[in-house]
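Trainee: Chain residues, written in single-letter form:
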Amino acid sequence: MASKAARKHLKSSAWKEFVIILHQPVLLLTIIAILAILAIFVLYPILRIINLGFTNEEGAASLEYLTYILGSRSYRTVFLNSIRLAAIVALLSTVVGYIFAYGVTRIQIRGRKFFNTLIHLPIISPPFILALSIIFLFGRQGIITKGLFGIKNNNVYGFTSLVFIQVISFFPVAYLTLTGILSAIDSSVEDAAMNMGASRLHIFRTVTFPLSMPGVISAYLLTFVQSLEDFSNPAVIGGDYGTLAIEAYKTITGMYDLHGGSMLALVLLLPTVCAFALQRYWLNKKSFVTVTGKPTQARQPVRSKITVVFFLFCAVVSAFIILLYGTVLVGAFTKTWGINYSFSMQHFTYAWGLAKDALRKSTRLSLIAAPISGILGIAIAYLTVRKRFPGRRIMQISSLLTFAIPGTVLGIGYISAFNTPPILLTGTAAIIVAAFVFRNMSVSIESGSSTLLQIDRSIEEASTILGAGNGETFRRVTLPLLKQPFFSGIVFAFVRGMTAVSTVIFLVSPKWPLVTAKVHGLFDISKYSDAAALVVIMILTMLIVIVLINIAVTLILKPRAHRFD
Amino acid sequence: MKKLVCLVLSLVLLVSCVSAFAASKEVSIYAALTEDELPTYFNSFEEATGIHVNYVRLSAGEMASRVIAEKDNPQVSIVFGGGSEGIITLEKQGLLYPYTPNGIDKIPAEYVTSEYWTPFYLAILCFAVNNEWFAENEQPLPETWDDLLDPVYKDMVIMAHPSTSGVSSNILTSMVQLKGEDEAFEYFRKFKEIVPYFAKASSSAPSAVALGEAAVGLTVDSDTLKYMNEGYDIDFIFPNPTFVDVGAMAIVANGPEDELENAKAFIDYMISVEGQNLFITSGSTRMPLNVDADISEGLKPLSSVTVFNADRVKSGEERGRLIEKFIQEVDDASELH
Numbered sequence: 000m001a002s003k004a005a006r007k008h009l010k011s012s013a014w015k016e017f018v019i020i021l022h023q024p025v026l027l028l029t030i031i032a033i034l035a036i037l038a039i040f041v042l043y044p045i046l047r048i049i050n051l052g053f054t055n056e057e058g059a060a061s062l063e064y065l066t067y068i069l070g071s072r073s074y075r076t077v078f079l080n081s082i083r084l085a086a087i088v089a090l091l092s093t094v095v096g097y098i099f100a101y102g103v104t105r106i107q108i109r110g111r112k113f114f115n116t117l118i119h120l121p122i123i124s125p126p127f128i129l130a131l132s133i134i135f136l137f138g139r140q141g142i143i144t145k146g147l148f149g150i151k152n153n154n155v156y157g158f159t160s161l162v163f164i165q166v167i168s169f170f171p172v173a174y175l176t177l178t179g180i181l182s183a184i185d186s187s188v189e190d191a192a193m194n195m196g197a198s199r200l201h202i203f204r205t206v207t208f209p210l211s212m213p214g215v216i217s218a219y220l221l222t223f224v225q226s227l228e229d230f231s232n233p234a235v236i237g238g239d240y241g242t243l244a245i246e247a248y249k250t251i252t253g254m255y256d257l258h259g260g261s262m263l264a265l266v267l268l269l270p271t272v273c274a275f276a277l278q279r280y281w282l283n284k285k286s287f288v289t290v291t292g293k294p295t296q297a298r299q300p301v302r303s304k305i306t307v308v309f310f311l312f313c314a315v316v317s318a319f320i321i322l323l324y325g326t327v328l329v330g331a332f333t334k335t336w337g338i339n340y341s342f343s344m345q346h347f348t349y350a351w352g353l354a355k356d357a358l359r360k361s362t363r364l365s366l367i368a369a370p371i372s373g374i375l376g377i378a379i380a381y382l383t384v385r386k387r388f389p390g391r392r393i394m395q396i397s398s399l400l401t402f403a404i405p406g407t408v409l410g411i412g413y414i415s416a417f418n419t420p421p422i423l424l425t426g427t428a429a430i431i432v433a434a435f436v437f438r439n440m441s442v443s444i445e446s447g448s449s450t451l452l453q454i455d456r457s458i459e460e461a462s463t464i465l466g467a468g469n470g471e472t473f474r475r476v477t478l479p480l481l482k483q484p485f486f487s488g489i490v491f492a493f494v495r496g497m498t499a500v501s502t503v504i505f506l507v508s509p510k511w512p513l514v515t516a517k518v519h520g521l522f523d524i525s526k527y528s529d530a531a532a533l534v535v536i537m538i539l540t541m542l543i544v545i546v547l548i549n550i551a552v553t554l555i556l557k558p559r560a561h562r563f564d
Numbered sequence: 000m001k002k003l004v005c006l007v008l009s010l011v012l013l014v015s016c017v018s019a020f021a022a023s024k025e026v027s028i029y030a031a032l033t034e035d036e037l038p039t040y041f042n043s044f045e046e047a048t049g050i051h052v053n054y055v056r057l058s059a060g061e062m063a064s065r066v067i068a069e070k071d072n073p074q075v076s077i078v079f080g081g082g083s084e085g086i087i088t089l090e091k092q093g094l095l096y097p098y099t100p101n102g103i104d105k106i107p108a109e110y111v112t113s114e115y116w117t118p119f120y121l122a123i124l125c126f127a128v129n130n131e132w133f134a135e136n137e138q139p140l141p142e143t144w145d146d147l148l149d150p151v152y153k154d155m156v157i158m159a160h161p162s163t164s165g166v167s168s169n170i171l172t173s174m175v176q177l178k179g180e181d182e183a184f185e186y187f188r189k190f191k192e193i194v195p196y197f198a199k200a201s202s203s204a205p206s207a208v209a210l211g212e213a214a215v216g217l218t219v220d221s222d223t224l225k226y227m228n229e230g231y232d233i234d235f236i237f238p239n240p241t242f243v244d245v246g247a248m249a250i251v252a253n254g255p256e257d258e259l260e261n262a263k264a265f266i267d268y269m270i271s272v273e274g275q276n277l278f279i280t281s282g283s284t285r286m287p288l289n290v291d292a293d294i295s296e297g298l299k300p301l302s303s304v305t306v307f308n309a310d311r312v313k314s315g316e317e318r319g320r321l322i323e324k325f326i327q328e329v330d331d332a333s334e335l336h
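Chain order of the listed sequences is A and B. Under numbering that gives the first Met the number 0, the residue at position 99 of the first sequence is numbered 98, and the numbers go up by one with no gaps. Under numbering that gives the first Met the number 0, the residue at position 213 of the second sequence is numbered 212, and the numbers go up by one with no gaps.
Derived from the structure by calculation, the hints contain no laboratory data. Here a beta-carbon is modelled for each residue, glycine too, at the ideal position from N, C-alpha and C. Among the clues, some could well be false.
[What the hints assert, rightly or not] Distance condition first, Cα-Cα at most 30 Å in a straight line; then the derived DSS-like pairs of lysine-lysine:
#1 Lys178(B) <-> Lys191(B)
#2 Lys24(B) <-> Lys105(B)
#3 Lys24(B) <-> Lys355(A)
#4 Lys178(B) <-> Lys313(B)
#5 Lys510(A) <-> Lys299(B)
#6 Lys153(B) <-> Lys189(B)
#7 Lys313(B) <-> Lys91(B)
#8 Lys324(B) <-> Lys105(B)
#9 Lys70(B) <-> Lys299(B)
#10 Lys360(A) <-> Lys70(B)
#11 Lys324(B) <-> Lys91(B)
#12 Lys299(B) <-> Lys105(B)
#13 Lys153(B) <-> Lys145(A)
#14 Lys299(B) <-> Lys334(A)
#15 Lys510(A) <-> Lys91(B)
#16 Lys263(B) <-> Lys24(B)
#17 Lys153(B) <-> Lys91(B)
#18 Lys178(B) <-> Lys189(B)
#19 Lys360(A) <-> Lys91(B)
#20 Lys510(A) <-> Lys70(B)
#21 Lys360(A) <-> Lys153(B)
#22 Lys24(B) <-> Lys510(A)
#23 Lys299(B) <-> Lys313(B)
#24 Lys153(B) <-> Lys178(B)
#25 Lys145(A) <-> Lys191(B)
[To be verified] Far from chain A by the CB rule (all over 12 Å, computed), these chain B residues:
#26 Pro38
#27 Tyr110
#28 Glu142
#29 Ala207
#30 Tyr226
#31 Phe237
#32 Asp257
#33 Asp267
#34 Ser283
#35 Asp291
[What the hints assert, rightly or not] Derived Cβ-Cβ restraints for the label pairs, each shown as a range:
#36 Leu301(B) <-> Ser61(A): 41 to 47 Å
#37 Asp291(B) <-> Phe342(A): 30 to 36 Å
#38 Val151(B) <-> Leu69(A): 39 to 45 Å
#39 Ser302(B) <-> Ser343(A): 35 to 41 Å
#40 Leu301(B) <-> Gln345(A): 29 to 35 Å
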């Protein structure tokens with residue numbers, strides 16, 4: 000009886016909150032606009048994919064693809080392959096990302112600025128370049144395997160390499176999600192525990208780690224989903240380890256079977272939706288508030304052996320990243336890899352001539368998409384965490400769907416949704432921008448939500464009590480507190496746009512060539528040094544843009560005092 | 000919040016923009032040839048006619064499935080390159096526009112089998128071999144298909160998967176016509192024991208051989224010659240009999256209307272002597288089909304090899320079923336190690 004009454008109370012309070020929202024036209028309009036946008040760019044394309052999966056070539060409703068996939072032993076194995084890979088990669092990425100984030104934000108190891116910069120490298124380059132340097136370093140002709148140890152016939156293709164490369168590629172995402180939350184944990188809670196005589200390990204186990212759980216779970220979820228839908232790494236280095244995303248691609252481009260490919264993608268969405276539901280269920284039951292507006296003290300840097308261990312770990316991982324990218328850099332300046340190692344600039348000249356137009360267009364479209372993605376993501380995070388309204392759950396789930404679906408299939412969904420009136424977008428820049436925005440806003444949503452869960456509502460309430468409106472409070476109080484996830488979200492959306500491979504296979508149009516398609520093209524014909532040179536140019540471009548984004552975000556979100564003049 | 004609303008509105012505006020019509024001095028193309036050779040063809044075409052080419056490079060499979068996905072509102076005028084099978088699939092689905100180009104009489108009649116697409120180069124299947132590996136292991140070079148089954152090559156032979164590679168699906172369908180279906184699949188089951196895995200793109204075969212990742216790669220002559228010209232110590236061997244594939248191009252039905260004449264001009268240009276000689280200048284070393292065109296140095300003329308001429312229309316018809324069978328019986332993903 001009591002629980003029933005409680006539920007009733009909850010329901011009526013949710014209703015009350017909704018009534019309050021009804022009295023705030025700007026907020027209400029924002030909610031409606033965001034829901035409408037999600038309906039058009041997320042739900043509609045996914046409905047088209049569902050429609051493709053459940054109809055046959057004659058257009059009649061059919062379950063033949065579903066029953067075929069469920070009944071096939073090889074598809075079951077491929078499905079389990081995907082899950083196993085994603086689970087392991089997500090675990091390792093989260094652990095590595097956590098160690099980095101903890102070292103950089105909580106115990107302030109030496110060289111943290113350096114680590115913080117370096118860690119962005121793996122997300123700002125097309126992933127198959129990592130695969131390439133693995134082949135160069137550890138392949139049959141590898142500099143390390145053959146040159147250093149004399150090992151011949153080392154088979155570098157397969158599960159182990161795939162795990163390795165995916166962890167290197169994805170752990171920075173875990174890191175970005177975790178730094179936001181770890182740097183926001185008020186150190187006074189740790190200090191309190193310390194004053195009561197708790198050991199550092201004990202504090203970590205009972206205070207810091209539990210408080211960072213929302214970030215850990217977000218990081219795990221994001222890397223899990225990324226590994227599931229990853230196309231380019233398994234394609235280049237997976238060898239005979241088949242994954243569902245690859246099968247979906249093969250079915251679509253090899254058998255020209257859009258229906259079967261769509262059904263495979265839908266099957267792939269299943270684990271994601273489950274993981275996501277578990278996450279929400281778990282987070283809703285706990286409180287993680289530590290940012291309360293009460294005065295805090297500056298953190299005391301830790302000086303103990305533990306920092307050395309963290310430093311060493313970060314240094315080793317960083318050394319590896321440098322080695323991988325160093326190989327790419329050397330490759331870019333090498334005349335002919337494997338034969339003639341003399342210095343040459345010819346690849347830069349060639350790559351620049353071939354792709355400068357595409358580079359400019361990629362940068363432009365990603366730059367348009369990134370802030371939209373960041374703002375939309377933060378807005379969705381804010382609305383879903385702080386407000387109660389009908390459609391909230393749809394907003395939560397739909398924002399993750401485009402992130403989780405394999406890029407090739409999302410491309411098919413976008414084509415079949417926007418190739419005919421009323422919304423005719425194929426061949427335009429808008430379809431690419433839309434794909435970038437909706438595919439990449441998950442990071443801002445995830446890191447924004449987990450940071451928001453830490454911020455005590457009373458800070459916002461204080462602002463409202465002092466007479467600020469909802470928008471004013473959001474802009475002047477909440478948003479500045481969300482600076483880190485906002486920045487991460489924009490950077491992530493930008494670099495994912497610049498480096499997207501599988502998403503754009505079906506969306507690049509003759510008038511809007513993109514630079515990754517050029518890299519992929521060079522890679523396909525094994526013009527590795529040219530590809531490497533182009534990637535170096537891309538990395539430089541992205542680094543410059545990221546610095547500019549950082550400056551812009553800092554300027555815009557600087558907390559400002561009210562002037563009364 | 001105001002900014003947010005502004006952005007939301009501008010996004011909606013973006014959505015409502017409809018693409019502007021292309022100028023008539025342009026033509027848009029999906030190209031399934033390699034990225035490095037394309038600028039040569041398109042720039043020369045623009046110099047000769049003043050028509051600018053906008054293009055996207057895709058794999059042959061991506062190209063065909065994109066045209067299928069866009070059939071209600073085709074985005075390009077031409078599909079350019081890749082084996083004939085993908086193009087035949089498009090022809091079957093009624094997605095191509097019939098056109099008989101000027102100068103078609105210069106192409107040997109045996110290759111001109113349809114008015115819906117135009118053949119413009121020939122690819123001869125070969126074994127690309129890494130000379131260093133054979134010298135080091137003191138092995139004789141493989142000469143026939145059966146030579147490849149020798150256990151000494153275990154994990155050293157590379158072939159792309161027929162579902163993702165036009166070269167490989169041509170091997171599959173031609174082999175079935177050559178040996179009969181049962182015997183051909185028996186062969187591939189044995190062959191599977193030799194390869195470490197089936198690669199994604201056929202172009203990865205010659206590169207793997209060039210870099211010493213594999214001793215033998217199944218690929219086509221021009222792709223191999225390209226690496227030889229770059230200085231890699233590899234060679235090609237033509238098995239007896241070998242297979243050939245015709246490179247095809249076609250006009251997409253209901254493509255951008257104002258580009259149709261430009262598209263026809265492009266097809267005409269690419270089979271002219273001037274266009275065909277670009278296979279030399281671009282370094283792609285493709286075998287031209289125009290009887291008056293010159294042949295890249297180092298290419299073996301077709302007359303010097305024994306060719307099994309498969310029925311291409313039949314190949315196109317059987318392709319889907321045979322690949323499905325290949326996945327089920329040869330490359331079963333559940334037999335992972």
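Trainee: Now tell me if each hint is right for this structure.
Mentor: Hint check results:
{"no.": "1", "hint": "Lys178(B) <-> Lys191(B)", "verdict": "17 Å, holds"}
{"no.": "2", "hint": "Lys24(B) <-> Lys105(B)", "verdict": "28 Å, holds"}
{"no.": "3", "hint": "Lys24(B) <-> Lys355(A)", "verdict": "22 Å, holds"}
{"no.": "4", "hint": "Lys178(B) <-> Lys313(B)", "verdict": "15 Å, holds"}
{"no.": "5", "hint": "Lys510(A) <-> Lys299(B)", "verdict": "38 Å, violated"}
{"no.": "6", "hint": "Lys153(B) <-> Lys189(B)", "verdict": "11 Å, holds"}
{"no.": "7", "hint": "Lys313(B) <-> Lys91(B)", "verdict": "12 Å, holds"}
{"no.": "8", "hint": "Lys324(B) <-> Lys105(B)", "verdict": "39 Å, violated"}
{"no.": "9", "hint": "Lys70(B) <-> Lys299(B)", "verdict": "40 Å, violated"}
{"no.": "10", "hint": "Lys360(A) <-> Lys70(B)", "verdict": "26 Å, holds"}
{"no.": "11", "hint": "Lys324(B) <-> Lys91(B)", "verdict": "21 Å, holds"}
{"no.": "12", "hint": "Lys299(B) <-> Lys105(B)", "verdict": "20 Å, holds"}
{"no.": "13", "hint": "Lys153(B) <-> Lys145(A)", "verdict": "19 Å, holds"}
{"no.": "14", "hint": "Lys299(B) <-> Lys334(A)", "verdict": "28 Å, holds"}
{"no.": "15", "hint": "Lys510(A) <-> Lys91(B)", "verdict": "28 Å, holds"}
{"no.": "16", "hint": "Lys263(B) <-> Lys24(B)", "verdict": "13 Å, holds"}
{"no.": "17", "hint": "Lys153(B) <-> Lys91(B)", "verdict": "40 Å, violated"}
{"no.": "18", "hint": "Lys178(B) <-> Lys189(B)", "verdict": "14 Å, holds"}
{"no.": "19", "hint": "Lys360(A) <-> Lys91(B)", "verdict": "36 Å, violated"}
{"no.": "20", "hint": "Lys510(A) <-> Lys70(B)", "verdict": "19 Å, holds"}
{"no.": "21", "hint": "Lys360(A) <-> Lys153(B)", "verdict": "46 Å, violated"}
{"no.": "22", "hint": "Lys24(B) <-> Lys510(A)", "verdict": "14 Å, holds"}
{"no.": "23", "hint": "Lys299(B) <-> Lys313(B)", "verdict": "27 Å, holds"}
{"no.": "24", "hint": "Lys153(B) <-> Lys178(B)", "verdict": "23 Å, holds"}
{"no.": "25", "hint": "Lys145(A) <-> Lys191(B)", "verdict": "26 Å, holds"}
{"no.": "26", "hint": "Pro38", "verdict": "7 Å, violated"}
{"no.": "27", "hint": "Tyr110", "verdict": "24 Å, holds"}
{"no.": "28", "hint": "Glu142", "verdict": "24 Å, holds"}
{"no.": "29", "hint": "Ala207", "verdict": "8 Å, violated"}
{"no.": "30", "hint": "Tyr226", "verdict": "8 Å, violated"}
{"no.": "31", "hint": "Phe237", "verdict": "22 Å, holds"}
{"no.": "32", "hint": "Asp257", "verdict": "14 Å, holds"}
{"no.": "33", "hint": "Asp267", "verdict": "20 Å, holds"}
{"no.": "34", "hint": "Ser283", "verdict": "10 Å, violated"}
{"no.": "35", "hint": "Asp291", "verdict": "28 Å, holds"}
{"no.": "36", "hint": "Leu301(B) <-> Ser61(A): 41 to 47 Å", "verdict": "46 Å, holds"}
{"no.": "37", "hint": "Asp291(B) <-> Phe342(A): 30 to 36 Å", "verdict": "43 Å, violated"}
{"no.": "38", "hint": "Val151(B) <-> Leu69(A): 39 to 45 Å", "verdict": "42 Å, holds"}
{"no.": "39", "hint": "Ser302(B) <-> Ser343(A): 35 to 41 Å", "verdict": "39 Å, holds"}
{"no.": "40", "hint": "Leu301(B) <-> Gln345(A): 29 to 35 Å", "verdict": "34 Å, holds"}
In this structure, the hints that do not hold are numbers 5, 8, 9, 17, 19, 21, 26, 29, 30, 34, 37, in rising order.
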